[in-house]
Amino acid sequence: MNVLEAVGGGVDRGLAYIGGLTIQFWLGLRASPRVLPFAGKRGRWRAAVRQMAAIGVDALPMVGIMSACAGFILAMQTGAELRRFGALQYVMDVVAVGFTRELGPLLTAFVVSGRSGSAFSAEIGTMVVTSEIDALRTMALDPIEFVLAPKYVATMIMVPCLAIMSNAFGLLAGAGFMYITTKITLAMYLRYIYNSIELRDVVTGLLKSVAFAAIIVNVGCLEGFRTRGGPDAVGRSATSAVVWSTFLVILADVFFTAIFYLLHQV
Amino acid sequence: MADPMISVDDLTVQYGDHRVLNGVSLDVQPGEVMALLGGSGSGKTTMLRHIIGLERPTSGTVRIRGIDINRCSAKELKAIRCTMGVAFQECALFNSMSIEENVSLPLRELTNLADPVVEIMTYLKLAAVGLGEAAKQMPQELSGGMKKRAAVARATALDPEILVFDEPSAGLDPIVAAGLDDLILLLKRAFHMTILVVTHELASAFRVADRLAMLYQGSLIAVDSKDAFRASTQPRIRQFLDRTADAFDSTVVLDHFRQLAGITGARG
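Going line by line, the protein sequences match chains A and B. Using our numbering, you'd call the opening residue of the first sequence number 1 and step up by one each time. Using our numbering, you'd call the opening residue of the second sequence number 1 and step up by one each time.
Note that these hints are calculated values from the structure, not bench results. It is possible that some hints are incorrect.
Sample of chain A residues facing chain B (criterion: CB under 7 Å; computed from the structure) [to be verified]:
1. Gly114
2. Thr130
3. Glu132
4. Thr138
5. Ala140
6. Asp142
7. Ile144
8. Thr182
9. Ile184
Keep in mind it's a predicted model, so treat the numbers as computed, not measured. Idealized CB from N, CA, C, for every residue including glycine.
The shape of chain B in the complex, shown without the other chains (with noise of 0.2 Å):
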C-alpha cells in the first residue's frame, strides 16, 4: 500500500477541561474519497481545522504526504498548502469579490502566471463546475448550491492533489446536494485526488465515499468499506443509519411538568 496522503496519528485535542479529540488515528490513502461521518458535537469540524493546519492539537500529529504540519518550517506549510483545497461550509467566498475574483486569487497571488492565462485557467476552473456564466457576478447574487460550486471552483484553482469538504451538503436541497456529490466524484475519476468529506449526510457519503469513518464522542469507532459500514452491529453506527433518536428519561420531563402545573394551578 502506498504511503498516506494524509496521515492523523493519536491525534487529541482538548479545551481547558473538555476533550474535544481523544487520540483519533485516521489514514486517507492517494486517490481515495474518505467521508467523515458524526453527530453533531461529535469533533468532525475540530479534526477537519487540525487537518487543514488551522489549529494546533494538545498531542498527537497530523502528516500531509509524510510531513508534520505542526512542526515543518513556514516555507514547508506553504507548500503544503499550495497542494490541498478546502470548500469550507459557509463557503468562505469573499464578498467583496466577484466571483472570478474569487477563483483568480490564488492564481495571481501564488504563481507567475500572466493575466491572459490566469483569465483562462479561472473560466476553466468555473466551467467545471457549471459557473462560466456566473463569472461576473458578486457571491450575494448566487444561490446556496452555486456559491458552494464557486468555493469548489476555488478550491482546485492551483490543482491541489487533496481536497477537502466540509459538510458539502449542508443548507442544499437533495437535487442539488446530488449535483454536489456527482462534481465530487468527477474531480475524484478527473484529476485522481484525495478528497476528505466531512458529512453528516448519509445518502452523500455512501454515494461519494470509498471508505468511511465514524467520529463519536472525540474517539473514532470505526473506519470501513462501504459494505462493511452497512453491516456493522456497532450499536452507535446502527443508530446513525437506522436514524434512532436517543433514548431519554421521560420521567424527568413529566416531574417537571408537574411541578409547573403545581405552580400555575392545574386543570380539570
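Just chain A, same shape as in the assembly (with noise of 0.2 Å):
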C-alpha cells in the first residue's frame, strides 16, 4: 500500500507539474506580443532586450568555448578512428552533421539552463519571498505579463541565435584539426561542408533549439514562482531550474531525435 501511495503521489505531483508548466507556457505565449516593440505596451520592449542582452550576448563567450572545445574533441575522437580506415575526411561530415543537428542547440540549452534558467528561477524566488509578485498584483499590473513574457520572447529568440553560433564555432574548431592533421584550408574545408549537411539538418537543428528555449524559460519561471519560505527556498528553486530543465531538455531531444528519425526514414 505504501508504494502504491508513494507510486501516486510521484504521478501526482509529476502530473501537476506538467499541468502548471503548460498553464504557465500558454499565458506566457498570450502576454509574449505586449512585450514587443510597437505593438506592446511603451517601454515594456525595453525589458525584453536587456534579457536578450544577458541570455544571448553575455552567455556568448562560454558558448563559443564549450563548443569549439566540443567540436574539437569530437574531430579528433572521430579522427583517431577513422584515420584507421583511411577515412579522415569524414570527420568532416562527422562534425557539420553532429553539430547542425544535436550538439549546437544542446550545448547551447545546458548553457542557458545554467546561467539563465537558475538566474530566472532565483530573480522571481527573491520577487516572492520579499513579497514584489504581491505588490505586482495589488498594483493591477499581472506578474505573467510583467515578469515572465520579456524573459519568455528573450530566450525563444536568443537560443536560437546561440545555437547557430554554437554550430559556428564547433564547425570552426573542425576547420582547426583538419587543417592541422591534413593541411585542408579553411575555404576546402567549408566547401565541404556546404556540400556535405542538409538544410534539413540545419531548420531540425534549429526547431529542437526553440522547443529548448521554451522548456528553459518556463521550468526557470515556474521553479521561481513556486518558490515558498525564505532565502534557502530562492536557492533550492534555482537549483531545481536546472536539474529539472536539463533533464527536461533531454527527454524532449530523445523525443524529437526519433520524430526526424522516422520522418527521415518515410
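Since each chain sits alone in its own frame, please combine them into the complex, following the hints.
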C-alpha cells in the first residue's frame, strides 16, 4: 500500500508540475505580444532587450568556448578511429552533422539552463519571498506579463541565435583539426561542409533549440513562482530549475530526434 | 451612515484542519482610519491578504465599495485595485529599479500620461513623503524608514481612495515610526483616504486610528472607538493594553529541568 501511495503521489505531483508548465506556457505565449516593440505596451520592449543581452550576448563567450572545445574533441575522437580506415575526410561530415543536428542546440541549452534558467528562478523566487510579486498584483499589474513575458520572448529569440553561433564555433574547431592533420584550408573545408550538410539538418537543430528554449524559460520561471519560504528556498528553486530543465531538455531531445528519424525513414 | 468602503462579512479562512479566521465581519467607513490590532498569529496578515484580494477565502465575502472582490470580473478587480494602494511590511520595492522607477511604475503602466507628466507626478509623490532628493537611489541604498516612505509614495501614486498598511512601524525606531504615523495622518487629512492599518504597535494605533479592531485567535473580539477601547474590560484587550504576558504552567518547566538534572547529574 505504501509503494502504491508513493507511486501515486509521485505521478500526481508530476502531472501537477506538467499541468503548471502547460498553463504557464499558454499564459506566457498570450502575454508575449505585449512586450514587442510598437505592438506592446510602451517601454516594455526595453525589458525584453535587457533580457536578450543577459541571455544571449553575455552567454556568447561561454557558448563559443564550449562549442569550440566540443568540436575539437569530436574531431579528434572520430579522427583517431577513421584514420585507421583511411577515411579521415569523414571527420568533417561527423562534425557538421553532429553539430547542426545535435550538439549545437544541446550545448547551448545546457549553458542557458545553467546561466539563465537558474537566474530566472532566483530572481522570481526572491520577488516572491520579498512580496514583490504580491505588490505587482495589488498594483493591478500581471506578473506573467510583467516578469515572465520579457524573459519568454528573449529566450525564444536568443537560444536559436546562440545555437547558430554554437554550430559556427564547433565547425570552426573541426576546421582547425583538419588543417592541423591534413592541411585542408578553411575555404576547402567550408566547401566540403556546404556540400555535406542539408538544410534539413540546420532546420531540425533550430526547431530543437526553440523547444529547449521553451523548456528552460518555463521551468525557470515556474520554479521561481513556486518558491515558498525564505532565502534558502530561493537557492533550492534555482537548483531545481537547472536539474529539471536539463532533464526535460534531454527528454525533449530524445523525442524530437526520434520524430525526425522516423520522418527521415518515410 | 454612508456605505462602507471596505466591508468584510463572515470571513472564514481554513488551511487544512487549521482555521485561521473564524467568521470575521468588519466595516471601514469612507475617510476613516481603522487600526486592526492583534498579537502574533492572530490572523491579521491573513485578513489583510484577503482584503487586498491576494487570497480567496474558505467562505464569507470581502466587498470594496460594494463590489465582492472574489466574485467580480477580472476587469472590475483591476479597477478596484487601481483605487487601492498597499504598503507592505517588507516594503516590496523592486530592487532592480530606482526609487523613482518604483514610484512611476503604476503611472507608466496603468495611465496614458505623457512621460514628462509622469516624471512630475513621481517627483510630487516622492516630495510628499520627504524623499524628493532620493529619487535616483536604489532601494538597497535606503534606510528602513526611507524604504517605508518610498513604499507609501508608490502606494499613493495613483491617488487611491483606500490605503492599506501592513505593520508600518515594524523594525523602525520610535522617532522614525512617529514620522510615519504623521505621514498617515497627513494622507488622511489631505486626501480624505480610507486607511486600514494592520499593526500590533499600540502607540501607533492610538495615534493614527479613528477606530480600532482587535483579532484574537482568528475572531474579532472588539471594534470600537479609541476611548471605548482604552476603557475596555475585556480580559484579552486589557492584557494587550497592559502588556501582560500569558500565564504558563511553571511546573512543566521545572519537571523538565529535574529530568535534565537526572541525566547530567545534579550539583550540590
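Taking the hints in turn, this is what the structure says about them:
1. Gly114: violated (21 Å)
2. Thr130: This hint holds: threonine 130 of chain A lies near chain B, its Cβ roughly 6 Å from the closest one there, short of 7 Å.
3. Glu132: Result: holds, 5 Å to nearest chain B Cβ.
4. Thr138: Interface hint status for threonine 138 of chain A: holds (4 Å vs cutoff 7 Å).
5. Ala140: Hint on alanine 140 of chain A: holds, closest Cβ of chain B at ~4 Å, below 7 Å.
6. Asp142: violated (9 Å)
7. Ile144: violated (13 Å)
8. Thr182: Interface hint status for threonine 182 of chain A: violated (52 Å vs cutoff 7 Å).
9. Ile184: Constraint on isoleucine 184 of chain A not satisfied, violated at 50 Å.
Violated hints, in rising order: 1, 6, 7, 8, 9; the structure is consistent with all others.
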